[in-house]
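> Here's the letter readout for the chains.
There are 8 protein chains.
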Amino acid sequence: MKEKREALVSIVMGSDSDLPIMKEAASILEEFNVPHELFLTSAHRSPERTSLFAGKAAGRGIKVIIVGAGMAAHLAGVIASQTPLPVIGVPLDSSASPLQGFDALLSTVQMPGGVPVAAMAIGKAGAKNAALMAVRILALDDKGLRRAVDGYIEKMAEDIEEKQQRL
Amino acid sequence: MKEKREALVSIVMGSDSDLPIMKEAASILEEFNVPHELFLTSAHRSPERTSLFAGKAAGRGIKVIIVGAGMAAHLAGVIASQTPLPVIGVPLDSSASPLQGFDALLSTVQMPGGVPVAAMAIGKAGAKNAALMAVRILALDDKGLRRAVDGYIEKMAEDIEEKQQRL
Amino acid sequence: MKEKREALVSIVMGSDSDLPIMKEAASILEEFNVPHELFLTSAHRSPERTSLFAGKAAGRGIKVIIVGAGMAAHLAGVIASQTPLPVIGVPLDSSASPLQGFDALLSTVQMPGGVPVAAMAIGKAGAKNAALMAVRILALDDKGLRRAVDGYIEKMAEDIEEKQQRL
Amino acid sequence: MKEKREALVSIVMGSDSDLPIMKEAASILEEFNVPHELFLTSAHRSPERTSLFAGKAAGRGIKVIIVGAGMAAHLAGVIASQTPLPVIGVPLDSSASPLQGFDALLSTVQMPGGVPVAAMAIGKAGAKNAALMAVRILALDDKGLRRAVDGYIEKMAEDIEEKQQRL
Amino acid sequence: MKEKREALVSIVMGSDSDLPIMKEAASILEEFNVPHELFLTSAHRSPERTSLFAGKAAGRGIKVIIVGAGMAAHLAGVIASQTPLPVIGVPLDSSASPLQGFDALLSTVQMPGGVPVAAMAIGKAGAKNAALMAVRILALDDKGLRRAVDGYIEKMAEDIEEKQQRL
Amino acid sequence: MKEKREALVSIVMGSDSDLPIMKEAASILEEFNVPHELFLTSAHRSPERTSLFAGKAAGRGIKVIIVGAGMAAHLAGVIASQTPLPVIGVPLDSSASPLQGFDALLSTVQMPGGVPVAAMAIGKAGAKNAALMAVRILALDDKGLRRAVDGYIEKMAEDIEEKQQRL
Amino acid sequence: MKEKREALVSIVMGSDSDLPIMKEAASILEEFNVPHELFLTSAHRSPERTSLFAGKAAGRGIKVIIVGAGMAAHLAGVIASQTPLPVIGVPLDSSASPLQGFDALLSTVQMPGGVPVAAMAIGKAGAKNAALMAVRILALDDKGLRRAVDGYIEKMAEDIEEKQQRL
Amino acid sequence: MKEKREALVSIVMGSDSDLPIMKEAASILEEFNVPHELFLTSAHRSPERTSLFAGKAAGRGIKVIIVGAGMAAHLAGVIASQTPLPVIGVPLDSSASPLQGFDALLSTVQMPGGVPVAAMAIGKAGAKNAALMAVRILALDDKGLRRAVDGYIEKMAEDIEEKQQRL
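Residue numbers (the working numbering), protein chains in the order written: chain A, 1 to 167; chain B, 168 to 334; chain C, 335 to 501; chain D, 502 to 668; chain E, 669 to 835; chain F, 836 to 1002; chain G, 1003 to 1169; chain H, 1170 to 1336.
The hints are simulated quantities; they were obtained by calculation from the structure and are not laboratory data.
Be careful, since some hints might not be right.
Derived lysine to any residue pairs resembling SDA-like cross-links, with alpha carbons at most 20 angstroms apart [as the list claims (entries may be wrong)]:
1. C:Lys-477 x C:Lys-489
2. D:Lys-564 x E:Leu-813
3. A:Lys-23 x A:Leu-38
4. C:Lys-497 x G:Met-1158
Restraint ranges, calculated between C-beta atoms of paired labels, are given here [claimed, not checked]:
5. A:Lys-143 x F:Leu-1002: 46 to 52 angstroms
6. H:Asp-1311 x C:Asp-484: 41 to 47 angstroms
7. A:Pro-20 x B:Asp-317: 50 to 56 angstroms
8. E:Ser-695 x B:Gly-222: 55 to 61 angstroms
9. E:Lys-831 x F:Arg-1001: 56 to 62 angstroms
10. A:Lys-155 x D:Lys-524: 23 to 29 angstroms
11. D:Asp-651 x G:Glu-1163: 27 to 33 angstroms
12. B:Leu-186 x C:Leu-501: 46 to 52 angstroms
13. A:Arg-166 x B:Lys-310: 35 to 41 angstroms
A short, non-exhaustive set of chain F residues, derived as facing chain A with CB atoms under 7 angstroms [said to hold, decoys possible]:
14. Gln-935
15. Gly-936
16. Ile-957
17. Gly-986
18. Glu-989
19. Lys-990
20. Met-991
21. Ala-992
22. Ile-995
23. Gln-999
24. Leu-1002
Quantities reported herein were computed from a predicted structural model and do not represent experimental measurements.
Every residue, glycine too, gets a C-beta built ideally from N, C-alpha and C.
Required output: the full structure, derived from the provided sequences and hints.
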């Protein structure tokens, strides 16, 4: 638990080696001041822990679940099947697979009809965008957060104009 | 506009030939009684119309935008860059490309950091899940809809038990 | 349940539409007179049913579990994580995905270290070989079955010589 | 702006980190003495800036637009949709994606009918060829430039003969 | 030869079986009233004819060469190496290869630095866009054609608005 | 031969350069105290040695054969065709091929109907899981080993809980 | 055996269902009047028959072996490892695999150093070219055949000129 | 020219940067004492030089042509179209392309019917096997060389037995 306020977003990962990538998501949530938690569980190595987590997340006040996993990345789908919350999947380019996250991408995005997972890009860009997607979802019901999203979008455009100057 | 109540979800597609697939999303939204609209615009053939749509969607009361597109599927990304709303992308297996939606998948999911698109599976399963994801998002702030999601999840499990009997 | 004798092999599939392919496995097991059952459960649509099945399979006397699934095929991995039995995965070329079983192949075979799934070829050839692999495993402790495997291997070679005559 | 003479070719890129690759294009244009400019804008992070650029390029005297972008590379297509000028797309192997420019390639080349983008090879070879393609286009109406193209083609052949000597 | 006026664009193809696809290019050129020709030659089956064609095209008044080819599509590259004109390559999904034009795409687009080929999408969309790219190039020096391109772009946007009505 | 007790599992590899990866399998077998051997033979460079090995393995008391091979990985299939034992294939990401084990994966898993090979993930994860699959097979007839498998499964779940503490 | 004269080329295939494709090779050899035979054997289903064939081919006067196989196409490699003759591999797009011959292509072409297989294109084009490659090899020592190859090459070029007339 | 005796094999490459890989072929030819030459020419940068080379190779006494090329590797096909000699293609993993030789592989192997190229594996293994294939072809008419091939095959098998000792 990173924040005293109750977490609204849970960042789940299948292995502690995924932390350096998934911290990208945490860092965006901190920037938007969204309370969140980091949770470690594996679809395959700790299935019961995963089921317990998924089953209780909504009741604990979690609104959005972000899941990072590599290889045959089943974790996002397995969690999505046991919660009514929106689940965002980040395919990771695991050092244990030479397929560059391509296996994780297909395992995450090609969910059969009925159980949705919102897939992001492979790796850091995906982890960052997962948090931004969570923020956009939470902003639907939080005007302050919506203004922050609008500000973030404007800031990106301004950054480019500044960088043009320095080119 | 399919409903008299103000649409909460906009289903956008790049070509009217995408309608048979994207109707799958509309049909799920009807099942959950979520007011929605169908909107036709192309990232490439009607860029201004696309910008106008994206810029005004939030102000019109739209909460979630679902976008179906094929080939070099830029539409979801282009819309996501001009709205603070959550955008869900459905890669389509366009009859105009022999690459089986693989081009659309990568064009949809591999968004650079900063502008998130929630990618779904290619084709009908993705269109269906896009609507279910929209429903899960809207249910964060609508207890009736949350119960409907819970009911949908239970119903899927029951259907399988019934089908086992008939196997 | 297809046989009065207690099933030794369970053929699991995620959808009744997978039956025409997975029957290929049942038909091989019948040829070798191995008692088996057909079981319908989905990793995503009936996760509890899947956990119950996996948790009880070994206790019921099942020796080998064959699992067919398409798209983001998580079913074999999810079952393998909840049983000590050998699990054989058959990636299916689901009509709901245009990716020709390639998504199912990577989702099945790229299991992270710790939880093994024995992946077979995509589709019918894989379903057939899954059953033959189950028979080879059961034959380790059943001399009659071993002779049947040896006979099957010889028969394949003889068939080719016959077909040469007719070429 | 790299030249006092009005730029004929605009080299556009989505991120300043693309500069080391896109300089390859600038360097060829300098070799052919074609006035050009470097412009930074992103399809997703600065959509308005991109639209303004595309809408005004032809009026400013630009003849050819070269666009480098990585990942879900929408920039060339988005610009091509808002200008009547020929647009050349260079897919980049972005360090933010492990897919080796393959995502950028499909996002650039698989444009739907109606809005053409001329795709080049991934990375440096593509950036170089984009400039050479721009030169070939400009040479249609510039005899001096045509002679320079002919000279460039002859020089490549001579270089190989020299290298044979040193082999 | 399709027009009495001297052809400005040559549409080259490797096999007469490519004609149904490449006619898409001819039809666009007719729409824009650009004189063009159809030329049949193969990089592999008629290399001399190909060299003669490439060597003489510029002298005959041809301005842009469009080349359609399938499988290991070498034709566009081979022609580009023997002419200073801009060459546009259309990868074809040949019925003789099961790889869906993917082989032709990589063979067309991955040109080494020095000899540019402007690659289009696989198949009909690519053939259409090849012609539109040729028109954009020719319009650089032809105000009437430029107005026609502008009109074509506007027309595409209007068509979408009409189709929305009928949705 | 690594153990005085007769080997139950044979770990076969096509090249001594595969040893660092395949040792992962040996190390798991040691952990489970399963007697095993390391055997070097190539489908292509020593076909006779391979046939002799395959033909005699069952008679020597071997129960399961694990085969690691890279590139056009034929070794597992060739052995499986000459033994009635279960054969487990580990596709290797050979340094001699730039295709990241993808060639080895398809060569291992896409076995035609009749001769089964149980394919694992590419590389170390696959080598580890091959040994775990062998252990699960041997445990069908060895209660002590079954308890060890159950223990291994529990241990993986506990490890994750511990790692959560340290996160 | 198709010819009374001793066969110089052996066309080997793994299944009689490959005959319609491999006949393309036979038909070219007939056109060049090269005596040949059709031989049915499988790397996996008849390994002994395959070894016997490979071991005796050179002694029987065979000069070139053409091998067609699908899926994990091991047949060409297995034969090449047991003969000093040149072996030409034709990857087939087997109806038993949805991967469009891509699995067969990698299994055929990615041979490790030491045992060469000459890979052709997937399917009919490959079968035809396999025969043409065999003819080019035999023509090294047969002036009449060399003249026939020269004639074949000229004829291809003439055919294109004729087809141009009919375009 | 590496040998005073007239070269029988020509090793052609598109760039001097390919030399470190293609030397692998030269080194095998030296081992078998086959006179050979190294020739530098590019399909795209020196098309005339390439045509001259291809047109004269047979007349100069060359028997087999080995061609290494990367990216859109047209060189082997272009040469094969202008000579009746057997041409062996080695796809190279060019440092100028991030696609790991996959583009070169498809550009080399997917030759249309009529003009055969014998494709080898990507990179060093392919260069080595290209030379071994050339040797097998030359050995058809040279008993000493045939004995050397037989010896090479035996030696590979012996090496493995030795390496087993050291394992």
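> So, for every hint listed, does it hold in this structure?
Structure-based check of all given hints:
The suggested pairing of Lys-477 (chain C) with Lys-489 (chain C) holds, with an alpha-carbon distance near 18 angstroms, which does not exceed 20 angstroms. For the given pair, Lys-564 (chain D) sits about 14 angstroms from Leu-813 (chain E) by alpha-carbon distance, which is consistent with the 20 angstroms threshold. Taken as a hint, the Lys-23 (chain A) and Leu-38 (chain A) pair is honoured in the structure, with Cα atoms around 9 angstroms apart against an allowance of 20 angstroms. The hinted pair formed by Lys-497 (chain C) and Met-1158 (chain G) fails the criterion: a straight-line CA distance of about 36 angstroms is larger than 20 angstroms.
Take Lys-143 (chain A) and Leu-1002 (chain F): their Cβ atoms lie about 33 angstroms apart, and the range 46 to 52 angstroms is violated. With their beta carbons about 44 angstroms apart, Asp-1311 (chain H) and Asp-484 (chain C) fall inside the hinted range of 41 to 47 angstroms. Our hint of 50 to 56 angstroms for Pro-20 (chain A) and Asp-317 (chain B) is violated, since their Cβ atoms are close to 36 angstroms apart. Checking the proposed 55 to 61 angstroms range against Ser-695 (chain E) and Gly-222 (chain B) shows it is violated: the Cβ atoms sit about 36 angstroms from each other.
Checked against the hint of 56 to 62 angstroms, the C-beta distance between Lys-831 (chain E) and Arg-1001 (chain F) comes to roughly 58 angstroms, which is consistent with it. Checked against the hint of 23 to 29 angstroms, the C-beta distance between Lys-155 (chain A) and Lys-524 (chain D) comes to roughly 27 angstroms, which is consistent with it. Taking 27 to 33 angstroms as the suggested C-beta distance range, the pair Asp-651 (chain D) and Glu-1163 (chain G) conforms, at roughly 28 angstroms. At roughly 51 angstroms, the beta-carbon separation of Leu-186 (chain B) and Leu-501 (chain C) lies within the given 46 to 52 angstroms, and the hint holds.
In this structure the hint that Arg-166 (chain A) and Lys-310 (chain B) lie 35 to 41 angstroms apart at CB is violated, the actual value being about 51 angstroms. The beta carbon of Gln-935 (chain F) is positioned within 7 angstroms of a beta carbon in chain A (closest approach about 4 angstroms), and the interface hint is therefore held. At a threshold of 7 angstroms, the smallest CB-CB gap from Gly-936 (chain F) to chain A is about 5 angstroms, leaving the interface hint in force. Below 7 angstroms, beta-carbon pairs count as interface contacts, and Ile-957 (chain F) has one with chain A at about 6 angstroms; its hint therefore holds.
Proximity of Gly-986 (chain F) to chain A is violated relative to the hint, the smallest CB-CB distance being about 14 angstroms (cut-off 7 angstroms). Evaluation of the Glu-989 (chain F) hint against chain A yields a violated restraint, the C-beta minimum of about 10 angstroms exceeding 7 angstroms. Of the supplied interface hints, the one on Lys-990 (chain F) is violated, with its beta-carbon coming no nearer than about 9 angstroms to a beta-carbon of chain A, more than 7 angstroms. Satisfaction of the interface hint for Met-991 (chain F) is found here, the shortest Cβ-Cβ separation to chain A being roughly 4 angstroms, below the 7 angstroms cut-off.
The interface hint given for Ala-992 (chain F) holds, since its Cβ lies 4 angstroms from the closest Cβ of chain A, which is under the 7 angstroms cut-off. Among the interface hints, the one on Ile-995 (chain F) holds; its C-beta lies about 4 angstroms from the nearest C-beta in chain A, closer than the 7 angstroms criterion. Contact between Gln-999 (chain F) and chain A, as hinted, is supported at the beta carbon level, the nearest pair being about 4 angstroms apart and thus within 7 angstroms. Evaluation of the Leu-1002 (chain F) hint against chain A yields a held restraint, the C-beta minimum of about 6 angstroms falling below 7 angstroms.
Going down the numbered hints, you'll see the structure goes against 4, 5, 7, 8, 13, 17, 18 and 19, while the others check out.
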